[in-house]
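**Student:** Sequence:
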Amino acid sequence: MTENRENAYLAELSWRGFLEKMTSEEVGPHLNEARRTIYAGFDPTADSLHLGHLIPVMALAHAQRHGHRPLALAGGGTGLIGDPSGKTSERTLLSKEDAERNAAAIGGQLSKFFDLSSRETGLLLNNAEWLLPLHLVDFLRDIGKYFSVNEMIKRDSVKMRLEEREHGISYTEFTYMLLQSYDFLHLFRHYGCTIQMGGSDQWGNIVSGMELIRRIEGQRAYGITAPLLASSTGKKFGKTEEGAVWLDADRTSPYRMYQYWIQTADTDVIPYLKLFTFLEQVRISELEQDVKIRPEKREAQRVLAAACTGIVHGTAEVEAVEAASRILFSESVETATKETIQLLSVEVPSTEISRLELENKIGLVELLVRTHMAESKAAARKLIEGGGVYLYNERQNSVHRTLSVEDLRWPGAMLVRTGKRNFHLVVIK
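Here my numbering is used: position 10 in the sequence shown is 10, and no number is missing along the way.
Keep in mind that the hints were calculated from the coordinates and are not lab data.
This structure is a prediction, so every number in the text was calculated from the model and none was measured.
Certain hints may be false.
[Unchecked claim] Derived lysine to aspartate or glutamate pairs resembling EDC-like cross-links, with alpha carbons at most 20 Å apart:
1) K420 with E322
2) K274 with D250
3) K154 with D138
4) K239 with D407
5) K338 with E366
6) K361 with E299
7) K429 with D407
8) K297 with D250
9) K96 with E20
10) K382 with E357
11) K429 with E357
12) K297 with D266
13) K112 with E217
14) K159 with E217
15) K420 with E406
16) K429 with E331
17) K274 with E288
18) K297 with E331
19) K159 with D138
20) K239 with E286
[Said to hold, decoys possible] So the derived label-pair ranges between C-beta atoms look like this:
21) K159 with R189: 43 to 51 Å
22) G387 with K429: 48 to 56 Å
23) K338 with D98: 30 to 38 Å
24) E217 with F329: 56 to 64 Å
All residues carry an ideal CB built from backbone N, CA and C; glycine is no exception.
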């Protein structure tokens, strides 16, 4: 790994674990000379980013904190082609409508990480703006002539696919490198962008863009790559058994994102705090000591979960998630807010009953049957007599217990539990 501690931004990237390689030792002096525009691209293969995208996003966010201008590029144009980097087979091509919709969605997510209040502080662009109007013959004549096929097939992203007899690589994906290089040239010309960031799999594309700028403009540009991340167990970062952890709340709820971070292994939590939070080095060092001395407290995991979920979904959502976690896992008897109840309604089974029914009173035994927490009234009574039924996490002992509106502790909802973890939300309508 190349380091340059003479520049504060690069030093920050280095200790946090973002810095794998730089294209030149001159990157540090270049950053010291003036405020620079630094970009990273995100192709809209889906209508949401996932946790795997956060490394370049956070690296750009740190650039802004060090006085540089981040440029987040949604690939509405390149997304129509598909980047072959890291892929063993051809991507399914997006329609223009899907690419446009996805680019708009991820653009909204990217805006949460940067101050985009003015074009001077940060930029959010879509390369469809300049790629879609291109004319093929003009592009091949003016840009394609600067690319050597001999060199292109040596790039890892292409070489790996050429060696795959079953899949190979289409001409469409083969040209992706030209389009990403043209992006860098366009951003250099129109926005003074001189540095591109990306994962280690983007090294070839970044170098090609730098070379295009050198050959056409006679100017220097630079690249910085970050490592591709895997957990200490070798599992792909940001993946669960259900699939990717998405930034879109409709794809992955804030609660499930929070739980993903909470379940981080002790060996991974400090590296993740460095990469995915803005916590200072001193605070992270304190948490590192906590992991060594009091690992059972899992304080570092709680800080990580709150900070990361808060960046994506906001502090109010984190408060609701933390309350839900206390209720579901610590048997808290606290009063839930409407936000927490809404969150719980997604995470646990629920049943609606009318307010009129509650005003006329409903037996606890009947409610257990209605919610399918007991197969029959006899089974419900047996559960209660065995001490296995809880209302708002408080044990219920009487099979004759009736519930009315006076028993509502939460706004419009009751929480029933059988055993340790079998929860059911009763929503009053």
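**Student:** Sort out whether E299 lies within 20 Å of K361, counting only the CA atoms.
**Tutor:** Given pair K361, E299 is violated - Cα atoms ~43 Å apart, limit 20 Å.
**Student:** Checking one constraint from the list: CA of K297 to CA of D250, max 20 Å. Satisfied?
**Tutor:** violated, 31 Å
**Student:** Are the Cα positions of K96 and E20 separated by 20 Å at most?
**Tutor:** violated, 34 Å
**Student:** For the pair supplied as a hint, K382 and E357, is the alpha-carbon distance within the 20 Å limit?
**Tutor:** violated, 24 Å
**Student:** For the pair we were handed, K420 and E406, check the Cα-Cα distance against 20 Å.
**Tutor:** With Cα atoms ~26 Å apart, K420 and E406 exceed 20 Å; violated.
**Student:** Tell me if the beta carbons of E217 and F329 are separated by a distance inside 56 to 64 Å.
**Tutor:** Because 57 Å falls inside the window, the suggested range holds.
**Student:** Hint check: K112 vs E217, CA-CA at most 20 Å. Holds or violated?
**Tutor:** Violated, because 34 Å separates the two Cα atoms, which is more than 20 Å.
**Student:** Run the distance test for K420 versus E322: straight-line Cα separation, threshold 20 Å.
**Tutor:** This hinted pair holds, its Cα atoms lying about 19 Å apart.
**Student:** What's the verdict on K154 and D138, does the C-alpha distance respect the 20 Å limit or exceed it?
**Tutor:** violated, 26 Å
**Student:** Holds or violated: 43 to 51 Å for the Cβ distance of K159 and R189?
**Tutor:** 30 Å Cβ-Cβ, so the 43 to 51 Å window is violated.
**Student:** Mind checking the alpha carbons of K297 and D266 for me, to see if they're no more than 20 Å apart?
**Tutor:** This hinted pair holds, its Cα atoms lying about 11 Å apart.
**Student:** Just to be careful, I want the Cα atoms of K429 and D407 compared with a cutoff of 20 Å; is the pair within it?
**Tutor:** Within the cut-off at roughly 15 Å; holds.
Figure legend: structure checked against the earlier numbered hints; hints not met, in rising order: 2, 3, 4, 5, 6, 8, 9, 10, 13, 14, 15, 16, 19, 20, 21 and 22.
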